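A.B. asks: For reference, the chains in residue letters:
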Amino acid sequence: MYTPYDINEAIAHRKDYVEEGLRSGSPVVGICCRHGLLLLTVRRSQRKIYEIYDRQMFAAIGKQSDIENVRLAAIQQAHQEGFERSPDDVTLQRLVGFGLSPTLKKAFGDQMYVPVVIRALFAEMGRTPSRDGFYTLNYDGEFRHFTGCAVISGTQVSEDKMMEVLGETDKNISIEDAMWNALTAWAAGARELLTGRRDEEDDLHSPLRVSDENAEIIFLKDELKTGALEVGLLERRANAEVRFRLFSEIELKPLLLKLD
Amino acid sequence: MFSSRETGGDLWSLLEQHGHPLTRQTPVHQADLFASPNTLEVHGTTVIAVKYDEGVLAVGDRRATANFSVMYDKADKVLSVDDYTLLAISGSFARAMEVVRYLRTSFKLFERTYLQPMSLEGKLAELTKVVRAGIPEALQGIGGFIPILVTFDLEANEGRIFFYDGMGARFESTEFGAAGSGSMQIRGIFDYIVKTKKPFHQMSRDEALQEALLLLDIAADLDAATGGWSKILPLARTITAKGIEDVSEADLRTVVNRIEQGRG
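Respectively, the protein sequence lines represent chains G and A. Going by my numbering, the first sequence opens with residue 1, and the numbers climb by one from there. Going by my numbering, the second sequence opens with residue 261, and the numbers climb by one from there.
Simulated from the structure, these hints should not be mistaken for laboratory data. Where hints are given, some of them may not hold.
So, partial list: chain G residues that the calculated Cβ filter (under 10 Å) puts toward chain A [stated by the list, open to error]:
no., residue
1, Gln-76
2, Gly-82
3, Thr-103
4, Phe-244
Just so it is clear, the structure is predicted and the values come from calculations on it, not from any experiment. Note that beta-carbon positions come from the ideal geometry of N, C-alpha and C, so glycine has one too.
Same shape as in the complex, but just chain G (with noise of 0.2 Å):
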């Protein structure tokens, strides 16, 4: 049996083994724009962003199955409860709140399991531009609500650096400006991940720890080169069966070539 004190050293076992694994996710931004909604990240080779259901889509850093199999378990809960009642009753509330929290939470208590290592970033669009909305749900089953933009990061100082270049968000703003905004955002926030180690290292001659205005732009370009930037997009089309969508290649062009 365990004591007070054996719990809390498990668990800070437990969590120390999950943030480890979280360290070195690329980060993901989501935001909302006059058009819908985005979620963008730079991946490396595996796909990141997910459609869940008509109006919700998802992005996760962590292990790769633990990433799958929350998203199926999303997506089937998410299709069941379309079927049995109306798409309308499914929200990211319900679907998080009640579906997928506690069992991460279970799975995280539980001393018999390998904790699941995942971050997850949700995005759903509302029947009107202010309920539109964003869940982080972290491997512990905590989960948080926001509107206008979120994000999701290896670490907590990664995830403040962002949300501080986000700043106050205008929910108008048009789709270019929206993914330059989050593009920016995820350069800070994947620097700031590099950087960190760095400091834990303490590797005070690296080039990164210039802080130079431009800095930022050579890092994003340097990333680009090995990384893909991915873009999904929930768009606000009133009918439509289908509103998420993948961006492609040449759709991104543009925004790439404001970096030069």
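Given the coordinates of chain G, assemble chain A onto it according to the supplied hints.
C.D. replies: Same frame as chain G, but now just chain A:
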């Protein structure tokens, strides 16, 4: 810890796990087979699908009946299942609506889970599954329904029509399909049109629409459960390479007027 992987993107097994009534087999009792059909249900219809040069046209009357009563005269019997698939339904309206909802959700679940759209064969098999699952109830006089599936095959770049029997057997038709209580009365006319005028797939949309509406009018004359167009215009939808489109009321009205004038 989460959902089971075996169910994956399959709505049927997902519903089965949770004991949804759609997937529950009703036992057939010998005595029920001789009982009179239940009278509470809404059915009786004529739905017609014909090819034309750009795709397929599906037309349905708007009358929903229960036995000898007209329950509703704005029923929509040509329903979109996805961007390129229409289901024209006849028989039990209640069951058909559930099947349409089932198919919509099932196709989406598959695509979202496996990140690729369900193939045409896969979609047809899904429809067979739900039609077949209804047999025990249909034998007892409730819930029987017969669909026509109309789709645009983007690979072959042509419209396709599939009709079903009550057991779930599926047949592909090269030119036309019809289902419902009024369909038997007009079956031969389709062949007459093809043999004396021209094949449906060579007609323009308006030519095909005129033939289809005329067929529907004859069905309404000969079948009490099929509504004509005197009160409410029928419903017509097309599927082409561009997707599903409603035939506007103005276009329908023009064709109806032309037919009525032709009669003199």
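A.B. asks: Could you work out which earlier hints the structure fails to respect and list their numbers in ascending sequence?
C.D. replies: none
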